[in-house]
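A.B. asks: Chain residues, written in single-letter form:
Number of protein chains: 2
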Amino acid sequence: MASLPNGGGAAASGSCGARPVDKEVDFANYFCTYAYLYHQKEMLCDRVRMDAYHSAVFRNAPHFQGKVVLDVGTGSGILAIWSAQAGARKVYAVEATNMAEHARELARANGVTDIVEVIQGTVEDVDLPEKVDVIISEWMGYFLLRESMFDSVICARDRWLKPDGVMYPSHARMWLAPIRTGLGDKKREDFDIAMDDWSLFVQDTQTYYGVNMNALTKAYRAEHEKYYLKSSIWNNLHPNQVIGQPAAIKEIDCLTATVDEIREVRAQVTLPIRMEARLSALAGWFDVHFRGSAQNPGVEEVELTTAPDEHGGTHWGQQENHRLMDMEFTYELHELSGRKHPAVKTKMYLE
Amino acid sequence: MASLPNGGGAAASGSCGARPVDKEVDFANYFCTYAYLYHQKEMLCDRVRMDAYHSAVFRNAPHFQGKVVLDVGTGSGILAIWSAQAGARKVYAVEATNMAEHARELARANGVTDIVEVIQGTVEDVDLPEKVDVIISEWMGYFLLRESMFDSVICARDRWLKPDGVMYPSHARMWLAPIRTGLGDKKREDFDIAMDDWSLFVQDTQTYYGVNMNALTKAYRAEHEKYYLKSSIWNNLHPNQVIGQPAAIKEIDCLTATVDEIREVRAQVTLPIRMEARLSALAGWFDVHFRGSAQNPGVEEVELTTAPDEHGGTHWGQQENHRLMDMEFTYELHELSGRKHPAVKTKMYLE
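Going down the list, the protein sequences come from chains A and B. Taken in order, the first sequence gives residues 1 to 351; the numbers are from the UniProt record's numbering. Taken in order, the second sequence gives residues 1 to 351; the numbers are from the UniProt record's numbering.
Chain A extracted, bound-state conformation:
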């Protein structure tokens, strides 16, 4: 009775459905990956991400010069080091995992050890000797909020940010767009194959081992539906897969956002779709902006977007969702002659 590691077939993905995941377990699972240099490197190699944060800091150096900075979840320490290089007087770089030790080594090797103080712990628990002018953090998860660190950033802000302080990034948006994609069909195919395979298994187990497994078919189907069909799929989309107008479904001001605001995302959207295209899924992504605050604006606004990009995008990709939920369609047919048909409203539940 052994679970299949490297090389031995596909393992069921993601989270454990068997027991409620408690805080300790969740911590281990979440932080576990970030303790690996391999993973830090993956993020450091994301040029779009790196360029955006680098520009955000150095093109807005006045926000940093002679100031006190807090880097939430410093990881390798890169943002803290840049903050110091941009002229910060002091940088508190907080990191929960043992990656903190590496951040210290890097600060030392890059000659900013007198400015950058790495503190191992969570921002919820650590104590800083002073309030800060800037909170910088790379906290965004898939589709912005999935497995994100934003609630920790909010906590840090409420604890440590001076009244005229600024957030880096200052704003974030979630986007939704209709897309065409082959992935949904592929997943449906994989699901059908898995269920055919199950049927053969049920037959064989009865034939060779005298045990009827059919009582488990319903649960097996549900498990695989969830895995294949009801989970968002990570993908790197090409812009030409977007078949209509993206819509912003959430806008966040990082200076004022509350934990309640980000707990749930509900939106009513209008997504004009080109009629010759076949709607197969919705895709989600996000962007963030570095603007400073209304009270304390930056010199130059910088954008980091994870929208579909012909050059390959970022490590965040986009999220495809083939379970389109309750959708109400209102469509108008426009003929080439210019004649418009009356608007038609229809409700669909797409799986």
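Note that these hints are calculated values from the structure, not bench results. The beta carbon of each residue, even a glycine, is placed where N, CA and C say it ideally should be. Incorrect hints may have been included.
Claimed, not checked - Here are the simulated lysine-lysine pairs, DSBU-like style, with alpha carbons at most 30 Å apart: (1) Lys131(A) <-> Lys187(A); (2) Lys131(A) <-> Lys162(A); (3) Lys162(B) <-> Lys186(B); (4) Lys90(A) <-> Lys218(B); (5) Lys226(B) <-> Lys250(B); (6) Lys90(B) <-> Lys218(A).
What the hints assert, rightly or not - Coverage of chain A stretches by chain B, computed from C-beta distances (three or more under 8 Å per stretch; other residues unrestricted): (7) 39 to 45; (8) 80 to 87; (9) 171 to 178; (10) 205 to 211.
Given chain A's structure and the hints, the job is docking chain B onto it.
C.D. replies: Chain B in isolation, oriented as in the chain A frame:
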């Protein structure tokens, strides 16, 4: 900052090296997989495993007829159902995960619900109303003891087995053999590629982002050495890869084994190797036997072996280890003429 899920490149494998894994986390990680029907099915589709246990039970029916059985870690409940079908009076099927509910459904659907009582919990914690005649369990992990359940089986035995009771399986052995394999070279190649890639990354990060990452090279190398070179590799070997005589390095009597005995495996082995072959690694596997006890023997001895097999073997595969540790070689050259050279002893530390 997001970890890569399905489809997004390779993730660092296995256990979290960053913090000591405590019991709760370990429980979650371990049992998590076994709560999935997908995983249960994988094991139920292992014909070698299924055939062995099926034969072990039905060819030794006298051990089960009218008797009380405990199935440790029942999973889907297959062993419990077979025990009932072989004539058991009562079967306690203990399962820690929510898989227990499925085991109950299966017992019901196969008409043995009056005999098989599924109890959700761990054998360390549950209470049974009586002692048992047979403890049956499929507890073996990779190379027998890796991620195995055997300490739970020992606990169950010490708590519940009658003095003349029997263990199914009754005996277990761990084997080591010299093998030839291309996998080690492949892993070495992958490692070299990863380090080349790292060098480029260090250059680029200095060039484009003004930060020197070289302070992390040593730690990055160590992390990847561990991942590529110092971990056992799961593989399904062909018998012709075995280039010498396998040796049993551990023999366990399941009736008397203690937790201390299985905590560590130390062995001094003699592995005759065919001189024309190139020793590239050692491979480990195990077998178990169903013999009953000396006091209470079975009718027919059954073997379940995970040795390299030309028909594909089991889901356990074998474990290749390329870090051959301290090895002392004594070799004798035998010429075709019959002349033997004096024995030569040499010490090697193979990486």
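A.B. asks: Tell me the numbers of any earlier hints that the structure contravenes, in ascending order.
C.D. replies: 1, 3, 9
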